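Asker: This is what each chain is made of:
2 protein chains.
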Amino acid sequence: MSRFQINILGCGSATPTARHNPSCQVIDFRDRLFMVDCGEGAQVQMRKMKMKFSRLGHIFISHMHGDHCFGLPGLLSTLSLHEKTGELTVHMPQEGVDVFSRIIEFFCRESTYDIKISPLDPKGGVIFEDHAITVESFPLYHRVPCMGFIFREKPKLRHLRGDMVKYFNIPVSQLHGIKEGNDFVKPDGTVIENARITTDADKAVSYAYCSDTLFDERVAEAVKGVDTIYHEATYDDDMLEQARQRGHSTARQAGAIARLAGARQLVIGHYSKRYITPDILVKQASEEFANVIAANEGLKIDLL
Amino acid sequence: MSRFQINILGCGSATPTARHNPSCQVIDFRDRLFMVDCGEGAQVQMRKMKMKFSRLGHIFISHMHGDHCFGLPGLLSTLSLHEKTGELTVHMPQEGVDVFSRIIEFFCRESTYDIKISPLDPKGGVIFEDHAITVESFPLYHRVPCMGFIFREKPKLRHLRGDMVKYFNIPVSQLHGIKEGNDFVKPDGTVIENARITTDADKAVSYAYCSDTLFDERVAEAVKGVDTIYHEATYDDDMLEQARQRGHSTARQAGAIARLAGARQLVIGHYSKRYITPDILVKQASEEFANVIAANEGLKIDLL
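Chains as they are written, first to last, in the working numbering: chain A, 1 to 304; chain B, 1 to 304.
These aren't lab readings, by the way, just hints derived from the structure by calculation. Where hints are given, some of them may not hold.
Note that identical chains are pooled: a pair holds if it fits in a single copy or bridges any two copies.
[To be verified] No more than 30 angstroms apart at the CA atoms, straight line, and that leaves these computed lysine-lysine pairs for DSS-like:
#1 154 <-> 224
#2 283 <-> 154
#3 273 <-> 116
#4 300 <-> 48
#5 273 <-> 50
#6 116 <-> 48
#7 156 <-> 300
All values derive from a computational prediction rather than experimental measurement.
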């Protein structure tokens with residue numbers, strides 16, 4: 001069984017506090033780890049949550065504010081002490097490439113693995129792809145250039161019906177095509193429709209990470225049809241104007257994005273430190289969208 | 001009453017772990033805070049230990065390994081969010097000035113206070129001084145240029161004996177001189193010795209921070225006569241050769257430095273992550289020097 005799990009390492013905003021770490025999530029996709037944002041303390045959280053450093057291959061940084069990237073130098077150094085080998089790619093907005101190249105050059109001179117920095121195209125697009133998953137970026141609307149990310153499982157194959165394969169005596173050479181949706185054509189020319197010999201494929205699951213952003217319907221457009229959406233919810237209704245001024249969203253606005261995008265579930269986070277608990281934020285998001293999960297450090301959300 | 005307190009924010013080595021933060025201490029001297037080293041997570045520890053960010057005026061970085069400085073970008077940014085004003089000086093080896101200037105330039109553009117970087121002279125010397133305290137640096141012997149720091153209270157004034165001041169009818173104008181050690185000369189020319197009219201000044205207290213270093217008798221020489229010495233004690237006796245290769249000391253060697261320097265007490269830290277508790281390190285250091293304190297996160301040591 002495949003596995004697609006969201007791990008919340010940090011869901012506070014601006015600075016680490018006694019309650020929350022700054023932004024960091026790890027997407028565990030079939031035992032490979034993709035990190036999204038890397039606030040200070042990310043490496044300690046990874047260790048606490050028992051995630052293997054060696055499985056981390058890509059880090060995606062949404063924007064160059066410290067609460068989304070100050071954990072990087074420590075994490076990259078620690079990976080070397082754990083004798084990571086191979087390659088790790090850090091995807092980040094062009095603005096940060098120069099300063100992080102300098103940091104890596106200075107502090108990771110004796111690195112045991114290759115660190116690559118890949119600048120994000122501000123227009124967005126596919127930034128990683130293999131046989132099973134695609135990662136896309138898309139623009140968000142914050143005070144500095146900021147990108148969101150969508151993790152999409154690739155479409156899965158249909159399930160063969162064993163009884164039908166046997167009944168029609170379908171040759172092995174044709175099975176893969178049938179799983180992809182082809183009909184079966186018998187040697188005598190009779191067409192057996194695919195629907196008779198297969199059952200539906202499992203649903204391909206997808207996850208969108210909407211980091212710091214104003215409420216903007218273009219975000220809903222970008223994540224349309226995604227199964228689970230994380231959207232920042234820094235403030236409650238009373239702070240609507242402050243949210244706008246600072247390039248952030250309210251919880252209600254996060255709910256509206258999930259509704260407009262037709263999501264199945266919404267995860268909220270990036271809480272302002274003014275909130276002792278996220279209760280008011282969950283309540284207001286829920287008035288727009290039914291299925292709201294409050295992020296919290298240590299939370300694991302299984303999408304599959 | 002004056003106050004001179006050592007606060008341990010982190011005493012692990014190499015990487016933050018579930019047990020220890022990387023190196024960081026704060027010297028609280030009459031409510032002004034001096035930070036020594038700034039490993040990742042320093043700002044969270046400061047908050048946990050309820051130390052006021054606004055009181056921090058100087059940060060001293062011993063050397064440019066990540067476990068001694070990766071907390072700086074986050075701390076410097078957070079100070080701005082707390083609307084710190086005035087000035088903060090970061091003292092660090094010349095090697096780090098360029099990369100940290102870039103980091104500060106990039107991430108602290110909108111800083112509410114002035115951040116100065118002051119390069120440390122590798123030969124050592126006085127790097128800060130005011131009416132009450134002096135901070136000196138001195139060379140250590142690690143894999144990269146590394147400096148230790150000594151915090152010295154300035155010599156204090158002798159205490160006047162109220163009864164004698166009255167008895168000899170000493171004019172107010174002469175009291176300060178007498179507190180500094182002058183004799184009192186009566187109008188008739190009779191000399192009253194200082195020892196009759198004063199009692200001894202309180203002892204000026206001093207603290208030396210010996211960050212990552214090989215065992216070297218020049219360190220004992222540099223901290224000779226200091227009241228309390230912190231000395232790294234990364235390893236136990238069985239790791240003597242590894243300590244040497246990696247530019248570190250064993251706990252026994254830390255004890256020997258304290259003994260050679262004639263200290264009153266020794267604080268050990270920078271424990272390798274191989275030690276679940278520092279017991280073996282305390283034991284071995286104690287075989288060289290009687291008064292050993294094991295550093296631990298949250299520990300406060302009152303020197304006055």
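Asker: Looking back at the numbered hints, which does the structure fail to meet, lowest number first?
Answerer: The structure breaks only hint 2.
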